[in-house]
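Undergrad: Use the sequences and the hints to build the structure in full.
So the protein lines, in turn, are chains P and X.
In this text, residue positions in the first sequence follow this note's numbering: the first is 1, and each later residue adds one.
In this text, residue positions in the second sequence follow this note's numbering: the first is 483, and each later residue adds one.
Keep in mind that a hint or two might mislead.
[As the list claims (entries may be wrong)] Listed next, with one range per pair, are the computed distances between beta-carbon atoms:
{"no.": "1", "chain 1": "X", "residue 1": "Arg634", "chain 2": "P", "residue 2": "Arg51", "range": "38 to 48 Å"}
{"no.": "2", "chain 1": "P", "residue 1": "Ser125", "chain 2": "X", "residue 2": "Pro837", "range": "29 to 39 Å"}
{"no.": "3", "chain 1": "P", "residue 1": "Ala335", "chain 2": "X", "residue 2": "Glu573", "range": "48 to 58 Å"}
{"no.": "4", "chain 1": "X", "residue 1": "Asp547", "chain 2": "P", "residue 2": "Gly336", "range": "52 to 62 Å"}
{"no.": "5", "chain 1": "P", "residue 1": "Arg284", "chain 2": "X", "residue 2": "Pro560", "range": "45 to 55 Å"}
{"no.": "6", "chain 1": "X", "residue 1": "Asn855", "chain 2": "P", "residue 2": "Arg284", "range": "29 to 39 Å"}
{"no.": "7", "chain 1": "P", "residue 1": "Arg432", "chain 2": "X", "residue 2": "Lys509", "range": "17 to 27 Å"}
[Stated by the list, open to error] Calculated cross-link-like contacts (lysine to any residue; reagent style SDA-like; alpha-carbon spacing at most 25 Å):
{"no.": "8", "chain 1": "P", "residue 1": "Lys112", "chain 2": "X", "residue 2": "Lys509"}
{"no.": "9", "chain 1": "P", "residue 1": "Lys124", "chain 2": "P", "residue 2": "Gly93"}
{"no.": "10", "chain 1": "X", "residue 1": "Lys509", "chain 2": "P", "residue 2": "Phe434"}
{"no.": "11", "chain 1": "X", "residue 1": "Lys509", "chain 2": "P", "residue 2": "Asp430"}
{"no.": "12", "chain 1": "P", "residue 1": "Lys124", "chain 2": "P", "residue 2": "Glu110"}
For the record, the hints were derived by calculation from the structure and aren't laboratory data.
Predicted, not measured: the structure shown is a model, and the values here were computed from it.
All C-beta atoms, glycine included, are put in the ideal place defined by N, C-alpha and C.
Protein chains: 2
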Amino acid sequence: MPKRAGLDSFFAPKSVAVVGATPTEAKGGYGIIFNMVDSFQGPVYPVNPGRDEILGVKCYPSLRDLKGKVEMAVVFVPAEKVPGVLEDAVEAGVKAAVIESGGFAEVGEEGKRLSDRCKEISEKSGLRIWGPNCTGLVNTDPFIFTPFVPVRRGRERLKPGCLGIIAQSGMLAAGFLIQYVVSGFFTISKACAIGNKLDVNEVEVLQYMAKDPKTKAVVAYLESIVDGHAFLEVAKDMAGRKPLAIIKGGRYEESARAALSHTASLAGSDEIIEGALHQAGVIRLEDFHDLMNLGKAFSLHPGPFNLATPQGDNIAIITITGGAGVVTIDMVRSAGLKMADLEERTLKNLAKVFPDWMPPHNPVDIYPALEQNGIGIFADVIREVLADNKVDGVILLPFANRNMEYFPFDLVGKEVKRRGKAMVSWMFGDTRYFGHFEECMREFGVPVYSDIRSCVIAIDAYLRFSRIARSKASERPPREMT
Amino acid sequence: MPKRAGLDSFFAPKSVAVVGATPTEAKGGYGIIFNMVDSFQGPVYPVNPGRDEILGVKCYPSLRDLKGKVEMAVVFVPAEKVPGVLEDAVEAGVKAAVIESGGFAEVGEEGKRLSDRCKEISEKSGLRIWGPNCTGLVNTDPFIFTPFVPVRRGRERLKPGCLGIIAQSGMLAAGFLIQYVVSGFFTISKACAIGNKLDVNEVEVLQYMAKDPKTKAVVAYLESIVDGHAFLEVAKDMAGRKPLAIIKGGRYEESARAALSHTASLAGSDEIIEGALHQAGVIRLEDFHDLMNLGKAFSLHPGPFNLATPQGDNIAIITITGGAGVVTIDMVRSAGLKMADLEERTLKNLAKVFPDWMPPHNPVDIYPALEQNGIGIFADVIREVLADNKVDGVILLPFANRNMEYFPFDLVGKEVKRRGKAMVSWMFGDTRYFGHFEECMREFGVPVYSDIRSCVIAIDAYLRFSRIARSKASERPPREMT
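TA: As structure tokens, then:
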């Protein structure tokens, strides 16, 4: 059996062929070739025996006509034709194939047979296979974009970031891409839809991201974990170094069964999975909304999740509304975090800008100070609270209105950077002012959410990550590079 | 002690005075008079001894100059001046006063004394007091809008709806108004910010809404419940008739203390509250985001929460992505709902539009049928699933892209109305197509969310409400009117 190459030929191929490329816009094969021609910087070869050229690029009848020219092939042809295409790929010296077609092990006996045949080809030849039944992968640097969702000027629009995404469902990955990546909700290093995992699986992708210097944190949606032991090993290696948050679907019998039919994978016993993930420092979430929102927090590296200071889990709340303060305390405490007991010095300094009838405490209800001093007072209050040695993280609850233009972003940013403590912000009120506030805050690593739950999930993750990082640093000599 | 009038003079006053009206735009007294002049349909009287006119309307030095002319006064002057204003109000024959000023029982001894003085005036004279320390109330029909948040053309923009909102925090209420009501996120019948509850409290407001024919459902944020017994009585009366969902802040010691300082109210033992609320059929939530999203579901009356059919809690999922199906099953089961076991007939009919390699089951993964038949197939699949006697509610998980223009809204709407079953929808993908989809779906009572949690919370509430309604209907003779 030939030695198996790593994943570099997927993430950084020098040349790409698209087998099943077509000029028919309604078909997936069009989206793939469109994206490649539009954004890939090396040679692109459409393959389709019925065409001479597609999108102005010369088209080839078969991969066999491209001997030695193609490093990676993206394959989107009917399932029954895929084994033949893979044989062509082997013949042509292709190193890696992304199979986006469905109709394999997820659809019954005939598909299973085709799947086995592909696996056999891969094992015998060393050709690495990604998928099938997936949208493939995105790398922002160097740029490669295999999904069939058409994204014009992808290379310019998908700015390189530090977040890695893994999803075991093609449509979800496509949805995540459009809703969160293309829209600029967060920036990514890599996004991977791994599909049926005939060859490349979530463990290998995660190992790759664990070593990838451009990936600083990972969020993943997984239906099954093929090799639980190896997965936990890489998760443990990442703990305190690169945060990892996952949704592991299939907690109940019905969902485990659905996962099986969807990606032909077996889900393990949920109790065992839950315990093992926690032990390995993995954050487990339930809803995509939460996972993507935490991804946004992670994507702000080298912001607050690279914290040096925090030792504990003591939260200070700075709020413009007492009511939101009350609700946030409830959610902070439900999450197992504590409310910080502010130092005397902090209270004394805050009292200077608070009216006499309102002695400050945690939660810091900033409204009266704001009425008295104007919106600039946010900077003073945030400075004092961040400087407090008993505070590990701050949740900010401001109100969006036209005054947000005058929010002291620069002063706040300076303090956040200086103290290196976690800060997250809720936002409510006039939605017209959300975007500007969020943009300004993310510059210094503060994620902004419109639900309090996401604030608590993010700050909990930040603080948990920092504690693991600290305890790892004190336990062992500097980690050897792997 | 004089007989105390009900709340009609707040919700439907024939004339209004604004004490503390000012032409200075930065002040709250400006917002209030602006809104009144702009949108109130009866006579409006600004009161301010230092002005002759405000916004072109004649201004009066005192309420005493308006004897017999004012039904409701909105008061926004410094706390120490409020008792004098109330005495003027009594003299002038005012029936109801909304006090928006802060600085009363929530700020210490002097404030407490002022508060007691106001209470005394109210009790002796029969003048009803709303607040203090609040933004007052909104009624969409007849239109009255007391908050100091300026909303131009409020009467046109705030279309009458069936949802009642109660919030015990002024800023929150203001935020909810702007973010959810003014933006059209949902339509309301009434919104009430009750503040310190010196006289009018949450129980009386809830009683009013329970009887109000224009209010069909209520969502509330409460920090304290002054008269737990009376609150539970009205909640029980509403059960199965008008859904009621609340956030009751102050579950932990720290939050209970914060609630105390914020609205001068005592929170009860949380365990007792939790049990009693559940017994009374009240839905308790934790985050504002969830409460507002459930409010959206309720606001779609006479949609699915007026269900006649559902007897159980069996959910069918129709999804374009297997992965979202798996995650949704997990959340459905976590919420205590069941996955419906589809009837043979349903499976047989669905199989006709599904490819051979993909026999349908619940969750119904519609993607292959869609590939084969186009987006119109949603209507056929939804029709079959809604017709299934073992299905009580449907969660739809489609993908937003430009094809959404061709979604068979009319056919789907017809089936939803015909079957009278609960349906909710998630939406992910290209956010540009969210708005249109949501608008079309809400026409026939289907709320659309961008998180799955909100789908599950809404369908759970719909089904729970229907079950209570059915069991009440079978247990007793038609409810006497109260």
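Undergrad: A separate judgement is required for each hint: does it hold in the structure or not?
TA: Hints, verified against the model:
1. Between Arg634/X and Arg51/P, the C-beta spacing of about 59 Å breaks the proposed range 38 to 48 Å.
2. Separation of Ser125/P from Pro837/X is about 31 Å and conforms to the stated range, judged on CB atoms against 29 to 39 Å.
3. Roughly 54 Å separates the CB atoms of Ala335/P and Glu573/X, a value that falls within the hinted 48 to 58 Å.
4. In this structure the supplied range 52 to 62 Å holds for Asp547/X paired with Gly336/P, their Cβ-Cβ distance being about 60 Å.
5. Checking the proposed 45 to 55 Å range against Arg284/P and Pro560/X shows it holds: the Cβ atoms sit about 52 Å from each other.
6. Judged by the Cβ atoms, the range 29 to 39 Å given for Asn855/X and Arg284/P holds: they are separated by roughly 37 Å.
7. The hinted window of 17 to 27 Å between Arg432/P and Lys509/X holds, with their beta carbons roughly 22 Å apart.
8. The suggested pairing of Lys112/P with Lys509/X is violated, with an alpha-carbon distance near 71 Å, which exceeds 25 Å.
9. A hinted pair counts as satisfied when its Cα atoms are at most 25 Å apart, and Lys124/P with Gly93/P qualifies at roughly 13 Å.
10. For the hint pairing Lys509/X with Phe434/P, the CA-to-CA distance comes to about 23 Å; that is within 25 Å, so the pair holds.
11. For the hint pairing Lys509/X with Asp430/P, the CA-to-CA distance comes to about 18 Å; that is within 25 Å, so the pair holds.
12. Distance hint between Lys124/P and Glu110/P is fulfilled; the C-alpha atoms sit about 21 Å from each other, no more than 25 Å.
The earlier numbered hints that this structure contradicts are 1, 8.
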